[in-house]
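**Q** Sequence:
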Amino acid sequence: MTQLITDEIRTWIGRAEQPIRFEVSRRDIVKYSLATEQCDEKYLRGDEAPPMFLFGADRPPTAIQDLGPDGLRQDPLLPDLPLKRVMAGGVKQRHFHPIRPGDVLLIARSITDIYEKHGSSGALIFVVYNISVTTEDGVLVMQQTQSRIVR
18 MTQLITDEIR TWIGRAEQPI RFEVSRRDIV KYSLATEQCD EKYLRGDEAP PMFLFGADRP
78 PTAIQDLGPD GLRQDPLLPD LPLKRVMAGG VKQRHFHPIR PGDVLLIARS ITDIYEKHGS
138 SGALIFVVYN ISVTTEDGVL VMQQTQSRIV R
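Under the working numbering, the letters of the sequence shown match residues 18 to 168, in that order.
These are computed hints drawn from the structure, not numbers from a lab.
Check each hint, because a few of them may be wrong.
[As the list claims (entries may be wrong)] Quick list of the computed label-pair ranges, beta carbon to beta carbon:
no.	residue 1	residue 2	range
1	Pro68	Gly106	12 to 22 Å
2	Leu100	Arg32	32 to 42 Å
3	Ile166	Glu58	16 to 26 Å
4	Asp24	Thr79	40 to 50 Å
5	Thr79	Glu58	43 to 53 Å
6	Arg44	Gln20	45 to 55 Å
7	Val121	Pro86	34 to 44 Å
8	Gly106	Pro78	17 to 27 Å
9	Val121	Glu58	18 to 28 Å
10	Ser137	Lys59	21 to 31 Å
11	Pro99	Glu58	45 to 55 Å
12	Ala140	Gly119	41 to 51 Å
[To be verified] Once the Cα atoms are required to be at most 30 Å apart in a straight line, the calculated DSSO-like pairs of lysine-lysine come out as:
no.	residue 1	residue 2
13	Lys59	Lys109
14	Lys48	Lys109
15	Lys59	Lys48
16	Lys101	Lys59
17	Lys134	Lys109
No residue lacks a Cβ here, since even glycine has one placed at the ideal position from N, Cα and C.
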């Protein structure tokens, strides 16, 4: 069985992007809450953000012409892998502090692991990310583990 993950690819483990500064507005919370059909009044009033509010907040807006043929933007924190089809693997979140309007958050993303598996459908490469969200004062708001599967 051929090893797909080279020593060069392994050097990506531990790489991190510069944290992104994200200012939370009541309007953004209300818009998100309406779009995702939240029922809790604290979300609909914009007093507190629902649990998935930050999903994708670390990704910049991307013009359609800048998307790949699969509809995804090029991820600067994804090494050049021998397999090319990227799929969502899974997400685990732990919330430590509510997100409220006026909060200024820092969103930091890093690669914590890259590994491969071989099964009946062929080879798969897993890329695991840690996304940490803190306030500017250093209060931990959320910890997320996200994986991508490349086949």
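**Q** Starting from the range 45 to 55 Å, see whether the pair Arg44 and Gln20 falls in it by beta-carbon distance.
**A** 50 Å, holds
**Q** A range of 40 to 50 Å was offered for this pair. Does it hold for the Cβ distance of Asp24 and Thr79?
**A** 31 Å, violated
**Q** Starting from Lys48, check that the Cα of Lys109 is at most 30 Å away, please.
**A** This hinted pair holds, its Cα atoms lying about 24 Å apart.
**Q** Do the alpha carbons of Lys134 and Lys109 lie within 30 Å of each other, as the hint requires?
**A** At roughly 20 Å apart (the allowed maximum being 30 Å), Lys109 and Lys134 satisfy the hint.
**Q** For the hint 41 to 51 Å, verify it against the beta carbon of Ala140 and that of Gly119.
**A** 47 Å, holds
**Q** State, for the Cβ atoms of Gly106 and Pro78, whether the hinted interval 17 to 27 Å holds or is violated.
**A** 24 Å, holds
**Q** Hey, Lys101 versus Lys59, does the alpha-carbon distance stay inside 30 Å?
**A** Outside the cut-off at roughly 42 Å; violated.
**Q** Taking the CB of Val121 and the CB of Pro86, does the distance hold inside 34 to 44 Å?
**A** Between Val121 and Pro86, where Cβ atoms are some 37 Å apart, the hint holds.
**Q** If you check the beta carbons of Ser137 and Lys59, does the distance land in 21 to 31 Å?
**A** 47 Å, violated
**Q** Does the beta carbon distance between Thr79 and Glu58 stay inside 43 to 53 Å, or does it fall outside?
**A** 34 Å, violated
**Q** Given the hinted pair Lys59 and Lys109, is their alpha-carbon gap at most 30 Å?
**A** 24 Å, holds
**Q** Within 30 Å, alpha carbon to alpha carbon, are Lys59 and Lys48?
**A** Roughly 13 Å between the alpha carbons, so the hint for Lys59 and Lys48 holds.
In this structure, the hints that do not hold are numbers 2, 3, 4, 5, 10 and 16, in rising order.
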